[in-house]
Every structure is written in structure tokens, then in C-alpha cells.
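Student: Next come the chains, spelled out residue by residue.
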Amino acid sequence: MINSPFSLAGRTILVTGASSGIGAATAGLCANLGAHIIACGRDTARLDAVVAGLAGSGHQALVGDLTDPAARQALVDAVMALDGCVFSAGVATLAPMRMVSQRHLDTLFAVNYDAPVLLTQALLAKRKLAPGASLVYVTAIAEHAAPAATGVYSGTKGALTATVRTIAVEVAKQGMRANCVSPGYVATPMMDGLQNVMNSADKMQLAPLGTIEPDDVAAGIAWLLAPASRWVSRTSLKIDAGLTLYMR
Amino acid sequence: MNDVKNPATFQNPFSLHGKAILVTGASSGIGRAVAIACAQAGARLVISGRDATRLDATLAQLAAPGDGVHQAVVADLTDPGQLALLAAAAGQLDGVVHGAGIDGVAPVRMLRQAFLESVMATNFIAPVMLTQKLLYQKQLKNGASLVFLSSIAVHTGTVGLGPYGSSKAALEGFILPLALEIAPRGMRANALAPGLVDTPLVNHAAEWLAEQGKKYPLGLGRPEDVAYGAIYLLSDASRKVTGTQLHLDGGIPWT
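Chains A and B, in that order, are what the protein sequence lines are.
Read in this note's numbering, the first sequence has 30 at position 30, and its numbers run on one by one without any break.
Read in this note's numbering, the second sequence has 180 at position 180, and its numbers run on one by one without any break.
Only chain B is shown next, with the shape it has when bound in the complex:
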């Protein structure tokens, strides 16, 4: 699949046919949209999330894979035991999208250590340790693509987003050495840095969301917009793209 002269690859370089992709946080929002779009692009999925009912709802929306069957694994990845079970169930993978994440809003003056630790545990430590486990157990095939969900909050300041923004900044820092360590096997690591996307993480306050949307020249993002960015990064179209942050933000000049 990595052969540039392979006409099938460059007929549709965005195809995920024949690829096995693990998507965490697939029970809602961006993770769910990524899983659905990856299945449409031909991938076989392993999806993971904390809520069994909602994860099953995602599973039911996945287009049938070319070969094999999709798999759903309920897991809370802040628990090392459950993380290990997910890795054990995932098998050999061509790509991972670390979609699991929580918001982390607290002004610094009001910040509690336990809260900061819980944000870091979900948004930073879980994807890092899942990557560690998959590499250590040799579950990532040559050429595999690892996609991390970052945020525009790493690149612009937003009042109150200290815990969230710094957990994502840590992820962006992590992918630089990771990209170098895995490059000898043609593997890649990149981050998606979306602006404000209409998902359950943020859309509980409709009025606030609409107001924020006015700042975006091309409007608020949709989960599919992020999913299609993930497909570019997962596919062979981006086989020479590594260590980058892909900005998906409607061209917003300032937040």
C-alpha cells in the first residue's frame, strides 16, 4: 500500500481499505464521527468508549468492513487494567485515533490538584500509555499512523482553559520524540488541532456556542470536518507527514 507507483493507491489515496484502525472515545462527538467516516473509507474498526450503550450505537452506524468484523470494547482508559484489556483485544493495527478526551475548565485561582490530575489522566496519560502498550506489544504495523486529538487551545489563550489546554499541549510535545522514535518503521504521529466543534463536549450551552461561532469565518466545525482530517492523516496520502499539528478551525484569525 505504501508503494507510490501503485496505481490503486494514487487513484484514491484517501482509501482506508484493508486497514485496521483503533478509535478511542468513539461513543460520542469527534471520536464517533471519526469511526463512522473511517468505516465509510473502508477500514475495519476497533472502537472504544466508556458507555456501552452509546458505543453500541456507534457500532450500529459503521459501514460493513471489506474483510473481518468491527469490534467494540468498553473501557475507561484511565484504568491501566482496562487499557491493557483494550490493547489485548485490538490486534494488529494500521492506525490509531486517540479521540477520548474530557473538557477541563477551571480558572487557575480555583484549580484543584485532583481536577488537574483527572484531566491529565484522560487527555494525556491515557493516550500516551496506550501508545506505549501498542508499541511494546508490537501491535502497530509498519507504516502505521497515530493521530492525537489536540486543540486550538494549545495555540491561543482562552480564559479558564488552563487544565484542558495544557493537557493537549503535553500531547503535542509528546508527538515530536514519538515521531522520531517510530520513523524507522515508516510509522507516523500527528495531531489534529480543531477549533470549536459542535459536539456534546461543548454544546450543552447553545447560546454560548452560537456566540462563539460568530468568531469563526467559516462557522463552527462539524465532527465530520475533524473526521476527514483524521482520514487524511490515517491514509497513505500522508505517508510523509509526521510530527505536525493540523489546524482545523475555519480559518479563525483570533479567538
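Excised from the complex, chain A in its bound form:
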């Protein structure tokens, strides 16, 4: 396993949104594959619990809200020579177009777009990424599907996908890569939080291969972080249990 192109042995990987859902699963799997994890999240207790459960050693918890410039600065100052970054911090709130407000726009873009883009900027400007580093951004099939009331959420993910293409072109000179992982409906606390406004269980059953677990998304992310995907950049990996097969 150590010499396998799928191993992450000795690699330092930053995971945002690591305190739950896809981020927590990604931290867990990457640690299993040998990585040192720098886990970032807002909730101290949950983040500490995730880090305490990681296999191996040398992991670190950094508590902070990445929409706060000071927190981003502190994070960037605290890290060095990252071999991989997983941008999985995100929020989903729904609003039909007639209910959309400036506040709704600002909140969703601050977390889902501004934070990952500005964190990428700071990591590049401060030279905190190792040669050959792999950047993975968690988007959503919402960018294609955009069902009712997800207009702004889908917009944040579509915007991020577009920006990641540019990031990929720019970082290729240093042998670095940038890709998106675009999940369908995943069984996470984020989806549970939407139960009162949409029936997410129904949505998951629509997918030909059924419910997607956070571990399924984590496995795709781990592949994109590993040397095995050395030649993969500027693309988006769909992990949607076949849901978009129905979508024009």
C-alpha cells in the first residue's frame, strides 16, 4: 500500500468543513491512506472528536470560520507545504426566487464561493502549496440540476466550478492540479437540515443507485488527491448514483 499510487502516505492534506459530513469522511479516509490531516471547522467539540478518531498520527485541528478574513489568515500562517487541499465547507439554504434576498445571496456566496476562492488565493500567494499539490473542491450536481428554490445555492456551485477551471490552468505551471467533485444527494447533516423544506429521502430514492454515503464522496476525493490521478486536472468528477442520467 505504501508504494501504491493510491497511497497518501506522508502527505499533508488540509480539509475544510472537516467537522461533519463529507469533510469528516474525507479526513477519515485520507488518514487511513496515510495522510497527515489538518482539519478545519467551526465547531471545536465536533472537530476535536473527528481528529481524535483519525488513524495514524500528526493530525491537527484548526478551529475557525473561513468566511472571516482573520481566520483564513491564521489558517494560512499555521500551515506549510500542503500536498493537498479539500474545500468541503459549504452551506445549503433554499429560497424560491421571489423570496431571495441580498442576505441570502451574501450568506451562501460567502461560505460556498468566496471562502474557498480566497483561501486558494492566500495559499498560492504565501506559497503554502507543495509542488504537485492537488486541490479538490466539493461542488454539487445542483450546478447542472438547479431544481426549484436552489437558484442561489446552485449559482454558488456553478460559479466555483467555473473558477476552478481557471485555477487549474494557472497552477499547472507548478505541476499542481485542481478539480471538482460533484456529488448528488448525500446522506449528511446538511441534507437532514433541509428535511423541513424538501423531502430529501425522496430525492435520494430517485437515483438509480440509491443513497450516497459520505464515504463514497470521500473515496472520489482521495483518488483525486493521490498520485494515481497525476494527469487529471480541470475537471469535475460526478458522484451522483446516476441521478443526472435523467437530466437534460
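It should be emphasised that the hints constitute simulated quantities derived from the structure, not laboratory data.
Small disclaimer: the values here were computed from a predicted structure and weren't measured.
Glycine is no exception: its CB is placed at the ideal position from the N, C-alpha and C atoms.
Among these hints, one or two may not hold up.
To be verified - Computed footprint of chain A on chain B, listed as stretches where at least three residues anywhere in the stretch have a Cβ under 8 Å from a Cβ of chain A:
#1 109 to 117
#2 175 to 189
#3 221 to 234
#4 237 to 244
#5 249 to 255
Please build the complex by placing chain B on the supplied structure of chain A, with the hints as guidance.
Tutor: Frame of chain A, contents of chain B only:
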């Protein structure tokens, strides 16, 4: 193996231990690299190709499987009889990588029907009918993963690649209904869409290849790069990935 709570699976979700994988076009290039990498990942292989000597050379490079023995079957899959013999020899499978393919370069003005038909026969009809045969004979286990070799030529235009690009486009169209038809048994179908990879299919013109390589921000692909993409799609790591095209192209923004 499909249990998400199975710690062995998520310790190394990319393992192919205990899986039987059929790789066509295994006598050279990407198919050979896929076979070698799958064996390294622990799979038992059934490999197929037209050239017995070169197929045996691939067989000799395969790491020994955990159980059973690797098998090599010489076959030209454009011949229905030989395709049937391969299917009969393959047994129960956890995955198939349709690596057999030929290039198909002809400007439209110069295109001949016989040439177009030969490209379609190898690149489209053979993998489709092999899939048909394996499904009809119930040789694909629940959760099996089918991987088709497509190309960036489906997604960007390249002068002269009409026959080749359209044969691969047909494959990508084929996997959408296929993915839906096999999903009830947890089976999956996906395509790999590589850019220019340094293989015998294209490396007879070294100067041209080097020139093309300059367009690729991360350089030309190696057959292993495609093989590792195939391993992701064959393994349980991708058990919820179906009906997609995986782009492997060094991040090329335009061809």
C-alpha cells in the same frame, strides 16, 4: 465488498482483491497497462487481444492473483464467433475494461464506407455486443463495473478524427441507457475520456507527438494514468459513480 461499513473496504477502497476483471485490447498500450495495474491491485485477470505473442508478453507481466490464475484468450472481437468464445471462457466477472480500439483518421472528403464500418466494428459494435453477451449469459456479478475507453475526441473537434471520434461518441451515448438498465443490480457503466496518451496507437510519429504534448499543461499522458482511472472505476471506491465520462487529459483547456 459493497458494505460501506466494512472497514477493510475503506482502509483501501481502491483494492481489487477478490475481483475477476476482463480486459480487452490487453496486448498493447492502454489495455496492457490496465491489465498490469489491475493485477497489482489484486485482481484476477482475463485478458484478450488479437496478437498471441504480445498478449503472452502482457500475461507474463501480471502479478500473481490472490486466488486462481490469470487467463489469456486470443480473439478478434469484430468476429462474432471469436467474441462468443471469449465470453464463454471469461466466467463470472466483477468488471470489464473495453480497451480494444483502433484509430480512425480520415478527413470527411476522403472517407470510405468500408473504413468507417471497420472503425465502428472495432470501437463501438464489439464492446457493445460483448456487453450484451455477458449480460445475457448472466456473467456479470451484482455490483460489477463496466469501463469503456472513450476519448477527448468526443468532446473537442480534431480535424480528421471523424470516424474515430464518432465511434467513441456512440459508446458514450450507449452507456447512458446501459447504466440505467443495470443499476437495479448495483452494476455501473462509465467511460474514460483520455487526451493524448503515449501509446503505439499514436507514437509512430515521435515529432508530431512531442509537438502535441506541448498543448498539455501537465504533459502527455502515460498508459498508467489511464489504468489508475480504470482502477478507481472498477473498485468499490466508485460504487455510486455511473453513467459518467472521466476526463483524463492533463487539464488541457483546448486542443
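Student: So, for every hint listed, does it hold in this structure?
Tutor: Evaluated hints:
| no. | hint | verdict |
| --- | --- | --- |
| 1 | 109 to 117 | violated (count 0) |
| 2 | 175 to 189 | holds (count 7) |
| 3 | 221 to 234 | holds (count 8) |
| 4 | 237 to 244 | holds (count 8) |
| 5 | 249 to 255 | holds (count 5) |
Checked against the numbered hints listed earlier, the structure breaks hint 1 alone; every other hint is satisfied.
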